[in-house]
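We have chain B; now place chain Z onto it with these hints.
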Amino acid sequence: MSLTPEQVQQVAHLARLELKPEKTTLYAQQLSNILAMVDQLTAVDTAGVMPMAHPLELTQRLRADVVSEPNRREAYQAHAPAVDAGLFLVPKVIE
Amino acid sequence: MNLHQLSLTAMAEGLAARKFSSRELTQHYLDRIAQYDKQLNSYVTLTAHAALDAADVADTRRTKGEVGGLLAGIPIAQKDIFCTEGVRTACGSKMLDRFVAPYSATIIDKLHRDAGMVMLGKLNMDEFAMGSSNETSFYGPVKNPWDVTRVPGGSSGGSVAAVAAGLAPVATATDTGGSIRQPAAFTNLTGIKPTYGRVSRYGMIAFASSLDQAGVVARSTEDAALILQAMSGFDPLDSTSIERPVDDLVGGLGKSIKGLKIGLPKEYFADGMSAGVRSCVEAAIAQLKALGAVVSEISLPNAPLSVPTYYVVAPAEASSNLARMDGVRFGHRSQEARNLEELYKKSRGEGFGPEVQRRIMIGTYVLSHGYYDAYYLQAQKVRNLIYQDFKRAYEAVDVILAPTTTDVAFKFGDKSDDPVAMYLNDIYTIAANLAGIPAMSLPCGFSDGLPVGFQLMGNYFDEARLLNVAHQYQQATDFHNQSPKEFL
Numbered sequence: 001m002s003l004t005p006e007q008v009q010q011v012a013h014l015a016r017l018e019l020k021p022e023k024t025t026l027y028a029q030q031l032s033n034i035l036a037m038v039d040q041l042t043a044v045d046t047a048g049v050m051p052m053a054h055p056l057e058l059t060q061r062l063r064a065d066v067v068s069e070p071n072r073r074e075a076y077q078a079h080a081p082a083v084d085a086g087l088f089l090v091p092k093v094i095e
Numbered sequence: 001m002n003l004h005q006l007s008l009t010a011m012a013e014g015l016a017a018r019k020f021s022s023r024e025l026t027q028h029y030l031d032r033i034a035q036y037d038k039q040l041n042s043y044v045t046l047t048a049h050a051a052l053d054a055a056d057v058a059d060t061r062r063t064k065g066e067v068g069g070l071l072a073g074i075p076i077a078q079k080d081i082f083c084t085e086g087v088r089t090a091c092g093s094k095m096l097d098r099f100v101a102p103y104s105a106t107i108i109d110k111l112h113r114d115a116g117m118v119m120l121g122k123l124n125m126d127e128f129a130m131g132s133s134n135e136t137s138f139y140g141p142v143k144n145p146w147d148v149t150r151v152p153g154g155s156s157g158g159s160v161a162a163v164a165a166g167l168a169p170v171a172t173a174t175d176t177g178g179s180i181r182q183p184a185a186f187t188n189l190t191g192i193k194p195t196y197g198r199v200s201r202y203g204m205i206a207f208a209s210s211l212d213q214a215g216v217v218a219r220s221t222e223d224a225a226l227i228l229q230a231m232s233g234f235d236p237l238d239s240t241s242i243e244r245p246v247d248d249l250v251g252g253l254g255k256s257i258k259g260l261k262i263g264l265p266k267e268y269f270a271d272g273m274s275a276g277v278r279s280c281v282e283a284a285i286a287q288l289k290a291l292g293a294v295v296s297e298i299s300l301p302n303a304p305l306s307v308p309t310y311y312v313v314a315p316a317e318a319s320s321n322l323a324r325m326d327g328v329r330f331g332h333r334s335q336e337a338r339n340l341e342e343l344y345k346k347s348r349g350e351g352f353g354p355e356v357q358r359r360i361m362i363g364t365y366v367l368s369h370g371y372y373d374a375y376y377l378q379a380q381k382v383r384n385l386i387y388q389d390f391k392r393a394y395e396a397v398d399v400i401l402a403p404t405t406t407d408v409a410f411k412f413g414d415k416s417d418d419p420v421a422m423y424l425n426d427i428y429t430i431a432a433n434l435a436g437i438p439a440m441s442l443p444c445g446f447s448d449g450l451p452v453g454f455q456l457m458g459n460y461f462d463e464a465r466l467l468n469v470a471h472q473y474q475q476a477t478d479f480h481n482q483s484p485k486e487f488l
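Line order of the protein sequences matches chains B and Z.
So the first sequence is numbered by our numbering: it starts at 1 and just counts up by one.
So the second sequence is numbered by our numbering: it starts at 1 and just counts up by one.
Careful: at least some of the hints might be erroneous.
[Said to hold, decoys possible] Under the rule of at most 25 Å between Cα atoms (straight-line distance), these lysine-lysine pairs were calculated in the BS3-like manner:
hint	chain 1	residue 1	chain 2	residue 2
1	B	Lys-20	Z	Lys-415
2	Z	Lys-94	B	Lys-20
3	Z	Lys-266	Z	Lys-391
4	Z	Lys-381	Z	Lys-266
5	Z	Lys-411	Z	Lys-485
6	Z	Lys-261	Z	Lys-391
7	Z	Lys-94	Z	Lys-415
8	Z	Lys-94	Z	Lys-64
9	Z	Lys-415	B	Lys-23
10	Z	Lys-94	B	Lys-23
11	Z	Lys-411	Z	Lys-38
12	Z	Lys-289	Z	Lys-266
Hints are computed from structural coordinates only; laboratory data are not their basis.
So here's chain B without its partners, still in its complex pose:
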């Protein structure tokens, strides 16, 4: 499978990554090479094989539904790019 620069831009959009237009050709070539390497998987017969979820076949551990974390909002917001009155600020979403 090889990717065109346009497909790379589409994948970058899905990943919310802005790529400089001059980089997409190189990325298209590199990503195509990676996918070509990965493509050998398609030849493997995996009929009847379950996809692996976890190497140790564990089940998810549950805990009691009680408060276990103290409120540390101020500490967690101290390094945020922009906050006001305990809220994270982003550019205006609704005009």
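Below, chain Z without anything else, positioned relative to chain B:
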């Protein structure tokens, strides 16, 4: 003998006997870092004041007769992937260049708060642990102390360079596809990645959560065992942590390996490794036979599919894990954004380097509509086949032995323009991560003056046995005691 050539046990004995204080020991390393690290770039953050304060605490406690653990007062350096409260934790990325962690990883608490070790600083690494050469770090590449024109390996490049050059007695590291073992092999160190779930991942910045595992790089197996013992154990804060007691790793060293069954997977000994690596690894096999091990050929037929499987599974998980870096709650925020979508896109476009961007895009692609079954689901099925190979192998043998790398450390720039060539570096190490088994690399000689390592892979939770085999080998050999001449 210089302080930085002592084993951790000898350091502990020296501290206990008051031959030197923790402050003197800590200052010795800080002096060496000041003297040598400009050449190596192994540290990204030094915590000198806090280190000396912690050393004083250890010394005061000792003077008062409070008995600390064996590791109390001994310095260590931390890979900059582990959150350290109040200290910048950048993970090799511009994205987190100004991120001061608001809490500490469990292993940080275990090593410092519980064991009383002294943190010297935070170590350079490939960006978000994605790389095999330390060339993807936002903070610049780390140099290999054995030859500063060569890479130290990655992603734990800072960890190995610091320990190999005597700028830290020991260091933590992490391994998602070989990031402990490959750099350990390139720098003549002993590195172990334990069983998936053995060491808590809480506070360790996630790359590929089903593969990531923390471990240690050290100058000997005994040192590695001491630190791994202190790091290991169940942690309710990590949902994949295993609720199971930790074996006595240090006490388990010293058993004879007579009759130990070692398997050599023929797929790992086919063409692919250099003649220098082959002869060192073959000499290691002969040495283990001389110690009484019984060696036989085995087959891991699906192991050659490890690299393609990994480059679906790991990027898929990375694309999901790194979605949290969006310029809103922490990390880099673009100043150019006019709306919310631009804020996400520009912050991520500016904050992530090219290798991270490539992996996010591969991951996004293989998880996207129409490609999920062909790539992601198929890779998880092949991963199961790789896992079954190991399960079958361990019915017949105790330990699997293989080379760690195809060749010695390469030169800067040799592979950085060709992602696939870089990925193939990890051809021997990735399978252990996919299966979740413990694996380690240890020194077995030199090729053209550069270190060569070999790999031991164990069954689940068999760290004690792996370490004992490695220790027995190191009792009979001297390779691990060699240090790079420029940094004695």
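Against the structure, the hints come out as follows:
Taken as a hint, the Lys-20 (chain B) and Lys-415 (chain Z) pair is honoured in the structure, with Cα atoms around 23 Å apart against an allowance of 25 Å. A hinted pair counts as satisfied when its Cα atoms are at most 25 Å apart, and Lys-94 (chain Z) with Lys-20 (chain B) qualifies at roughly 17 Å. The hinted pair formed by Lys-266 (chain Z) and Lys-391 (chain Z) meets the criterion: a straight-line CA distance of about 16 Å does not exceed 25 Å. For the proposed pair Lys-381 (chain Z) and Lys-266 (chain Z), the alpha carbon gap of about 23 Å is at most 25 Å, so the pair holds.
Taking the CA atoms of Lys-411 (chain Z) and Lys-485 (chain Z), the gap is near 19 Å; set against the 25 Å cutoff, the hint holds. Among the hinted pairs, Lys-261 (chain Z) with Lys-391 (chain Z) is consistent with the structure: their alpha-carbon atoms are about 15 Å apart, no more than 25 Å. Between Lys-94 (chain Z) and Lys-415 (chain Z), the direct Cα distance comes to roughly 22 Å. Compliance with the 25 Å bound is thereby established for this hinted pair. The hinted pair formed by Lys-94 (chain Z) and Lys-64 (chain Z) fails the criterion: a straight-line CA distance of about 45 Å is larger than 25 Å.
For the hint pairing Lys-415 (chain Z) with Lys-23 (chain B), the CA-to-CA distance comes to about 19 Å; that is within 25 Å, so the pair holds. The hinted pair formed by Lys-94 (chain Z) and Lys-23 (chain B) meets the criterion: a straight-line CA distance of about 19 Å does not exceed 25 Å. The hinted pair formed by Lys-411 (chain Z) and Lys-38 (chain Z) meets the criterion: a straight-line CA distance of about 19 Å does not exceed 25 Å. A distance of roughly 18 Å separates the Cα atoms of Lys-289 (chain Z) and Lys-266 (chain Z); the hinted pair therefore holds under the 25 Å criterion.
Of the hints listed earlier, the one the structure fails to meet is number 8.
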